[in-house]
Each structure stands twice: as C-alpha cells, then as structure tokens.
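**Student:** Since chain A is already given, all that's left is putting chain B on it; use the hints.
Going line by line, the protein sequences match chains A and B. Reading the first sequence from the start, the letters are residues 163 to 638 in the working numbering. Reading the second sequence from the start, the letters are residues 13 to 239 in the working numbering.
Mixed in with the good hints there might be a few duds.
What the hints assert, rightly or not - Simulated restraints, written as ranges between beta carbons of each label pair:
{"#": "1", "chain 1": "B", "residue 1": "Gln84", "chain 2": "A", "residue 2": "Asn561", "range": "47 to 55 Å"}
{"#": "2", "chain 1": "B", "residue 1": "Pro114", "chain 2": "A", "residue 2": "Asn529", "range": "15 to 23 Å"}
{"#": "3", "chain 1": "B", "residue 1": "Ala92", "chain 2": "A", "residue 2": "Asn529", "range": "51 to 59 Å"}
{"#": "4", "chain 1": "A", "residue 1": "Tyr457", "chain 2": "B", "residue 2": "Ala92", "range": "49 to 57 Å"}
{"#": "5", "chain 1": "A", "residue 1": "Asn481", "chain 2": "B", "residue 2": "Gly158", "range": "54 to 62 Å"}
{"#": "6", "chain 1": "B", "residue 1": "Gln159", "chain 2": "A", "residue 2": "Thr573", "range": "44 to 52 Å"}
{"#": "7", "chain 1": "B", "residue 1": "Arg227", "chain 2": "A", "residue 2": "Asp525", "range": "37 to 45 Å"}
{"#": "8", "chain 1": "A", "residue 1": "Asn481", "chain 2": "B", "residue 2": "Asp235", "range": "24 to 32 Å"}
{"#": "9", "chain 1": "B", "residue 1": "Asp157", "chain 2": "A", "residue 2": "Ala425", "range": "31 to 39 Å"}
{"#": "10", "chain 1": "B", "residue 1": "Lys101", "chain 2": "A", "residue 2": "Arg488", "range": "20 to 28 Å"}
{"#": "11", "chain 1": "A", "residue 1": "Lys580", "chain 2": "B", "residue 2": "Ala92", "range": "30 to 38 Å"}
{"#": "12", "chain 1": "A", "residue 1": "Ala363", "chain 2": "B", "residue 2": "Ala92", "range": "51 to 59 Å"}
{"#": "13", "chain 1": "A", "residue 1": "Pro548", "chain 2": "B", "residue 2": "Gly158", "range": "49 to 57 Å"}
Claimed, not checked - Below, in silico cross-link-like pairs of lysine to any residue (SDA-like), each with a Cα-Cα straight-line distance of 20 Å or less:
{"#": "14", "chain 1": "B", "residue 1": "Lys76", "chain 2": "B", "residue 2": "Gly31"}
{"#": "15", "chain 1": "B", "residue 1": "Lys166", "chain 2": "A", "residue 2": "Glu502"}
{"#": "16", "chain 1": "A", "residue 1": "Lys511", "chain 2": "B", "residue 2": "Lys101"}
{"#": "17", "chain 1": "B", "residue 1": "Lys113", "chain 2": "A", "residue 2": "Ala477"}
{"#": "18", "chain 1": "B", "residue 1": "Lys23", "chain 2": "A", "residue 2": "Ala336"}
{"#": "19", "chain 1": "B", "residue 1": "Lys23", "chain 2": "A", "residue 2": "Asn459"}
{"#": "20", "chain 1": "B", "residue 1": "Lys166", "chain 2": "A", "residue 2": "Leu484"}
{"#": "21", "chain 1": "B", "residue 1": "Lys23", "chain 2": "A", "residue 2": "Arg332"}
{"#": "22", "chain 1": "A", "residue 1": "Lys291", "chain 2": "A", "residue 2": "Arg332"}
{"#": "23", "chain 1": "A", "residue 1": "Lys291", "chain 2": "A", "residue 2": "Val214"}
{"#": "24", "chain 1": "B", "residue 1": "Lys23", "chain 2": "A", "residue 2": "Ser467"}
{"#": "25", "chain 1": "B", "residue 1": "Lys166", "chain 2": "A", "residue 2": "Glu498"}
{"#": "26", "chain 1": "B", "residue 1": "Lys113", "chain 2": "A", "residue 2": "Glu502"}
{"#": "27", "chain 1": "A", "residue 1": "Lys511", "chain 2": "B", "residue 2": "Phe196"}
{"#": "28", "chain 1": "B", "residue 1": "Lys113", "chain 2": "A", "residue 2": "Leu484"}
{"#": "29", "chain 1": "B", "residue 1": "Lys113", "chain 2": "A", "residue 2": "Thr479"}
{"#": "30", "chain 1": "A", "residue 1": "Lys528", "chain 2": "B", "residue 2": "Ser185"}
{"#": "31", "chain 1": "B", "residue 1": "Lys30", "chain 2": "B", "residue 2": "Asn81"}
{"#": "32", "chain 1": "B", "residue 1": "Lys113", "chain 2": "A", "residue 2": "Leu460"}
{"#": "33", "chain 1": "B", "residue 1": "Lys101", "chain 2": "A", "residue 2": "Asn459"}
These are computed hints drawn from the structure, not numbers from a lab. We put the CB at the ideal spot given by N, CA and C, even for glycine.
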Amino acid sequence: MTAKLRRPISLAQHVTILVGFTITVCFIVLGLAVQNSINHHFAVQDADELGVVAESVRSALNHAVQSSSNQSVFEQDLQSYLTNAVSGHHGVYFGVYIDSNKLVYQSDGPDLSHVIENTQMSVAIESDKLYSWQAANHEYRGAVVPGNLAGSKLYSSVAIVVAAENDFHRSFMAAFSRSLWTMMFIASILTILASWLAIRAGHKPLHRLSEEIQNITSEQLHLRLKPNKVPIELIELVESFNVMIGSMEDVFQRLSHFSADIAHELRTPITNLTTQTQVALGQPRTTEEYREMLYSNLEEYNRLSTIVRDMLWLAQTDNKSLKLNRSKIDLKEEIEMLFEFFDAWADEKGIELRIIGNSVLADVDKNLIQRALSNLLSNAIEHTLPEEVVTVTVESLQNKFRISVQNVGTTIPEQHIKHVFNRFYRVDPSRQRTSGNEGIGLGLSIVKSIIEAHGGEITVVSAEGTTCFTLVLPKT
Amino acid sequence: MKLLVVEDEIKTGEYLQKGLTEAGFVVDLAYTGLDGHHLAMTEDYDLIVLDVMLPDVDGWSILKTLRENARQTPVLFLTARDTVEDRVKGLELGADDYLLKPFAFAELLARVRALLRRGIPNVELDHLQIANMTLDLKRRSATRDGQKINLTNKEFALLELLLRRTGEVLPRSLIASQVWDMNFDSDTNVIDVAIRRLRSKIDDEYQPKLIHTVRGMGYVLEDNDDS
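So here's chain B without its partners, still in its complex pose:
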C-alpha cells in the first residue's frame, strides 16, 4: 500500500512518514503544496493524507484538481481549524475523511486503514477466528477452547470490532463511536470498564491473552502474548 503525505510542518511530516512506514505502508512525503500536487497527479497512491493549510497551494486546491482530473484516490484531510464550513467544504470537494489537529496517531492509523479497507468488498463472513477463539457472527456467540462464552450484545459488538481490526490499535473514541454510536470524545473511563469486563470473560481464564492495552493510545487484539 502506497501513501502520500503532504505536510509542511517538517517534524510532523517526518513522524507521520515514520509511523506509517512502521505500520507497513510505503510512504512518500511532500513538504510543499506544489510537490504534493505534482506527486499526486503523476504517481499512483492508495491514499493521500493532506494538510489543509500549506504555504503555497492549499490542500483544497490540490484535492480540487485531483477530482477534476478524475483521480479518485481517497483523501484524508488534516486540519487545525474545526468549523462546520471547513468540514463541509472539504467533504463537498470530495475528501473522504478529516482529522482535527492535534490528533492521536492511533486515530490516524485507524482512519487510514478504514479508508483503505473501503475499496475492498466486504466479504460476508460467518466466523471470525483468532488463536483458539471463534466468533460465530450469525448466531452471535463466542467460544474459546471450545467453551461457550456468554457475552452481552455490546460485549459481542466490541469483541467483533476488535477482531475485525486484529492488530490495529483502536483508540477509545473510535470504539465508543463504533460500538455505542457515541460520536464525541468522552472523558469517562467507560471503555476501560467495558474492556475490563470483556477481558474477564474471554482472556482471564485462557491462554494466550488476546486483548492488549496500549498505554496512552487504546486497545489492540492480537495473538501476541509477549506484550
């Protein structure tokens, strides 16, 4: 997967490139709107991360010419200004998502992956599986080591989300939004409690441990018992 990051702030750009590269993407970085525009028009990318406020050509103009030239590369906007007009303008011009600065890297990663996944047809799965745990999506039941585990609706939804995004660090805000449709950054530790309860059912008495806390970022489900 090849990504383009257009960001004039050098430090931010470098860290985005580093982080995304370590997450397994090939990342090109442009520091100016002109370079970004040129790269976006000539190379093929799977996704472009675009800063709105650039000193020369702003992100909106780049997006506009891209869309005018029938390039449908998904674009994720980074913006420091949170006004409804900005958001509407971005989305009208054909942006696929936007992220408000300051943002958490985990959040960016989750959004990038979600956008990349969008193009791929969602295969209707009956079962999800990791290590010795299986989720029956049709009957909405979970088993581990062959033992049935009783989960509430929300617990099941939470587990399903984690499982579908195996290996991805999911920020609390994303979990709240996906599982409970709470579309704001909640200050509460509700997600922590929910995860703790889920763990007590699926992880406490079993090996390997599947749900891992990433301090300061969120939660990840993976079969990787060393962390």
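This is chain A alone, in the form it adopts within the complex:
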C-alpha cells in the first residue's frame, strides 16, 4: 500500500485559472452595463420624441377644435388637421381616441389598439414605462397621453396614442452587442494568454536556477549561486541554498580530509606490523624473540586503536553529534586536580606548575574540559625546558572565562603556528613518532573541538621562547 500523494495543481495553471475567471466575470459585468445604459439612452430618446409628437398632435387637435363649430365638422376637419400634424417625423405613428376609446383617427402604420388596451395613460412619457411590441417584423414603442381639448365641451376625454418604430435602434443594438461580446471574448482570451505567458516567463529564473543547481556536483561544491542575478523574490531562496552548499562543502571537505588523514596515519603502523611479522617469520627464532615481536606488535596495535578512537571522536564532533553533559565545576579546582595528576612527571622533569587566579564556577562538560586541559598541560610540560615554569591563569571576565596555559620552551616557528590545531600536524615530524606512547598529533585538534563544542575559542601565541595557549569559554 502506497499512499498516493496528490501533486498540487501547477502554479501557472492556478494563477491562469484565477486570472481568467476574474477577467471573464469583469468583462461580462462591464458588457451588461454598457448594453443596459445604451438601451436606456435609446428609450429616453424615444420617449422625448414621442413627447414631441404627442405635443404636436395635441396642438393639432386644439386647432381643430377651435376652428370647428360642431362635432361633425370637427370630425371631418380632424383628418386634414392631423394628417399634417407630424409631417416632420419619420417612422412615427399616432392615433386619437375619444369618448371611451372610440378611434377617431389613426395614421398609416401598425395597429395601435393594443397600446391603449395595455397601457395606463400618463401626462408625461417616461422612458421606462414605454410599451413595446412587434408587428410585421417591426418593433414599436408606444405610450398613451391625454389630449387636452381646452375650452371644448364636445368630448369628455381624448386619448392620444403615440408610437415610434424601434427597428433602427434594435438593429444597432444587435450589431453593437455582437461586436461588444466578440471584443470582450477576444480581450479575455488575450488577457488569459498573456497572464499565462507572464507566469511562464516569471518561472524562467526558477528553471535557470535549477539548471545551475544541477551543475553543482560533488566535485564543484565551491560553486555558489549569484543572488544578484535572480529576481528579488528568489534572493532568499538562493541565499539559503548557498548556505546549505557551504555547509555541505565544509562537511565534504572534512570527510575527505578525514579519510585521507586516516589512510595516511594508518599506513605507518600497518607497514611496521607487516614488515616486522614477515621478517620474524622468515626463519625460526627463539621464544624470546617471538615474544619480543609480539610485544612490539602490541605497541603498534595500541597505537592503531588510539588513532581510530581519537579520529572517531573527532568525526563525532565534526557531525556536531557530540552532546555536552554540562555541570557546574570549579575551573581552578579542576586545574589543581590536573596538577596533581601531572605532578610526578613535571617533578621528574624539574618543571614547576603554577596556577594564578581565583575559583571560578563554569557550566561545562567536566570530562571534556578535563580532557582539553589535560592535553594542553601535557603538551606544555612536554615542551618546557627543565627548571622552567608552566603557568596556568584562570580569569573570569564579564561574560566569558579565560584560561591560558603558558610555558617557557622553544618558540613554535611562524610557519607552523597556524597549523598546530590541524589533525596529525607535527611541528617536528621526526620527533614524536620516536617516543613510544607519545601523541599521535591529534591532541590539540581534540582540544580545539572540545572548546568549540562549548562555543568558545582557542588561540596560540609563541614568541621568544614563550608559548601561550589561551582558551575562552562563554559564560552560559
């Protein structure tokens, strides 16, 4: 059973869909608004025109009423009055109803009777109350207004129906809508396409970055990405990546140095062992000689296991997997205990061990600090001239402790001093190998690792026969 992980939708898709949706909705709303407002405008225009027509009809009616003495004359004259009433207007029709909708006049054109049936009469023609209908493939809009027969007692009520043909507006709107929606459609497709392209282009730096990253192989860990060559949004990514590559390079280097060092350091004892054993087995020997060889082998084995043990220890500190077991200890007391330990050896060499300073309590890993100080002390005693002094100074500063181990002996030459903390580094390569149980050149690296694991640092100064190692530990 493998849980299927759903890949999140691609960024480009995501953004394109979102942008596309928004743009489309905006265009639709905009289109509808434009359409609506033009329709309204036309309706207002129609209403105005109908109003003018109605006014003309009304005045024609008045004229007719005033110049007619009786009803029959009026109805006869009406035709001639009204026929010319709206001569200036094209596509406009009207009808006149008197006394309970009795049609007395109807201009040539569509039947207007259903306008009066379906429309409330109102004095002012309002654009949104126009009545529209279709007849014989034409569209019309109409309204009913009261006719004002001032001074006439012939008719109690007169209704004027006015209507205008709407075909021109309608066909204009149809054509306009078609082109409007086509333009909107093209515009939204273009916008979506453009945003998709923009996003793709926006991802280009990422592709480039990924190609650059692919080029950084294990042999080229020194390469770094250039933060000034990417868009501002990616700077952080590039910088974090560089930090990661940096620490990888560091670890990688340590690892390869570790392998190289260990191979080199193991070669000598293994060669000794092989040669020695082969020579010994070359001819029959006395038990005493065999025993001697075994002892000698044993010494080499011990040496080998010391190297392996210390290298593994250092590897552990390299991985930062060294865990400090901190407790409060008195640094001065610790040094005095070490003095006691080294007392016999120092005494034999005629060296005086001296401590300066007061008790200081520090929160450190006791065993590790003991080991570091012991390495420094034994190193100092080893290199101190007879009848000289090794001085250890303990100081408590504002936010750190300082311990210095100073001895009078031979000056460490300038070209060596920066290497003394390197693994297997020996100032005098021929010297230490000769003395059997002497250091394997890791002592000071171990001290450095321990101090660094505590967040401190170690420095060394050597001049005019005096060498001084100073280590600084932060107060926690």
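**Tutor:** For chain B alone, coordinates are given in the frame of chain A:
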C-alpha cells in the same frame, strides 16, 4: 566462575574465550544471538559478555528478555559504536558496563573482574599484605621489611589499587581513572612516571620485586620475581 561470551566475529570470540579461560574462568562461547539467548536463559552464569551488533538477535534484545525474566546476571557490553544514545540505551536496559571496540584485553579483564567482585561484600580491611610489604589502610602508611616507607597520598592510593588487584594487569587508563579520576585515555606517560617513582620507593631497594610492567598492557603487582 562461569562466563558466557556472545560474539559473532569468530576470531574475536575464540580469542576472548582463550584469554578468559587462561585468566582462570570457565567460558562458554556463542556465535549467534539465538544460541547466546538460549544459553543465557537456561544456564547459570556469573557474567555475560555481550556483543551489541549480532546478525540475528541483537545484544539489546537478549539483555531485555534476560531482565524481563528476572535474571540479574551482570552483563558487559561490547560495542563498536560510541554514541551517547547507545550508551544510555544499554545502561537503561540494565547493562552493567560497556566497552568500546577496539579494546585492550587487559581492560576487558579488569572490567570483568570488577563486575564479578561487585557482588561480593567488600570486607573492610585494616591491612593489605603481600610478601614482605604491608599497607596499613587506616593510618595510610606502608612498610617493607619492617621499614616505614614515605608515600605521598597519590602514591599510596596507587599502591593500594595495585595491591587490591594483586595479579591483575591494570591498564594505564584504569589506573588514571581510579587514582586521579581522569576518565579519558591520556596520551601522556604520567602513569609510567608515577609507577617509576613508586617503584623507586618500594621496590628498588627490596626483594622480591613486586611491581611488574606488562609491555603494551599495563602494570601488575604480584609476588613473582621471575618476570
């Protein structure tokens, strides 16, 4: 004293068996975790030397079932991995001691003896004696051939350690840890110097010689003048 060694590395196992047998123990050897587990559960041992990394059942599981079945046989772990977690895990499961590979046989022997001695109630002694040398533990003084020998505190502690462990080869690291509380493998020859000074006081002018150097291993105190 009967010991069980569980070690999958054949050569190591054989040499451990040989060495421990020659040191006076009866030693059973198991090459697999299963055999070791079976032997540990059925036989009575005074101590088990257990390799952590075994191909089938690992040392931890064996120790766990042992302790779950209320078998309190002391267990000494051999491990090639030195991490704090490993150490803590071993000790939490009820291991009594652990030793990191590569180890010196003398070190193993010293640890084994220390573990075996643990069960025995420590008899409060006033005096320790070997040949013509006597240590007065109460007054912290040493005499040889009836002559008082002046020893410093640490020299006395060193001599006492050697005397209490008469016949055992004590590695330098064990001496440093027991006498000076220096719990790391020191590269220095401090122990050699200390022993040399002690010898000059208690051995140089007397017979028989008591402190002997075992090359590549450490020091032993015994009344055995031929080596």
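**Student:** With reference to the structure, classify each hint as holding or not holding.
**Tutor:** Status of each hint after checking the structure:
no., hint, in the structure
1, B:Gln84 to A:Asn561: 47 to 55 Å, "holds, 50 Å"
2, B:Pro114 to A:Asn529: 15 to 23 Å, "holds, 21 Å"
3, B:Ala92 to A:Asn529: 51 to 59 Å, "violated, 21 Å"
4, A:Tyr457 to B:Ala92: 49 to 57 Å, "violated, 26 Å"
5, A:Asn481 to B:Gly158: 54 to 62 Å, "holds, 60 Å"
6, B:Gln159 to A:Thr573: 44 to 52 Å, "holds, 48 Å"
7, B:Arg227 to A:Asp525: 37 to 45 Å, "holds, 42 Å"
8, A:Asn481 to B:Asp235: 24 to 32 Å, "violated, 50 Å"
9, B:Asp157 to A:Ala425: 31 to 39 Å, "violated, 55 Å"
10, B:Lys101 to A:Arg488: 20 to 28 Å, "holds, 21 Å"
11, A:Lys580 to B:Ala92: 30 to 38 Å, "holds, 35 Å"
12, A:Ala363 to B:Ala92: 51 to 59 Å, "holds, 56 Å"
13, A:Pro548 to B:Gly158: 49 to 57 Å, "violated, 37 Å"
14, B:Lys76 to B:Gly31, "violated, 27 Å"
15, B:Lys166 to A:Glu502, "holds, 8 Å"
16, A:Lys511 to B:Lys101, "violated, 45 Å"
17, B:Lys113 to A:Ala477, "holds, 16 Å"
18, B:Lys23 to A:Ala336, "violated, 100 Å"
19, B:Lys23 to A:Asn459, "holds, 18 Å"
20, B:Lys166 to A:Leu484, "violated, 32 Å"
21, B:Lys23 to A:Arg332, "violated, 106 Å"
22, A:Lys291 to A:Arg332, "holds, 18 Å"
23, A:Lys291 to A:Val214, "holds, 17 Å"
24, B:Lys23 to A:Ser467, "holds, 18 Å"
25, B:Lys166 to A:Glu498, "holds, 14 Å"
26, B:Lys113 to A:Glu502, "violated, 30 Å"
27, A:Lys511 to B:Phe196, "violated, 23 Å"
28, B:Lys113 to A:Leu484, "holds, 19 Å"
29, B:Lys113 to A:Thr479, "holds, 19 Å"
30, A:Lys528 to B:Ser185, "holds, 17 Å"
31, B:Lys30 to B:Asn81, "violated, 30 Å"
32, B:Lys113 to A:Leu460, "holds, 16 Å"
33, B:Lys101 to A:Asn459, "violated, 35 Å"
In summary, the numbered hints that this structure violates are 3, 4, 8, 9, 13, 14, 16, 18, 20, 21, 26, 27, 31 and 33.
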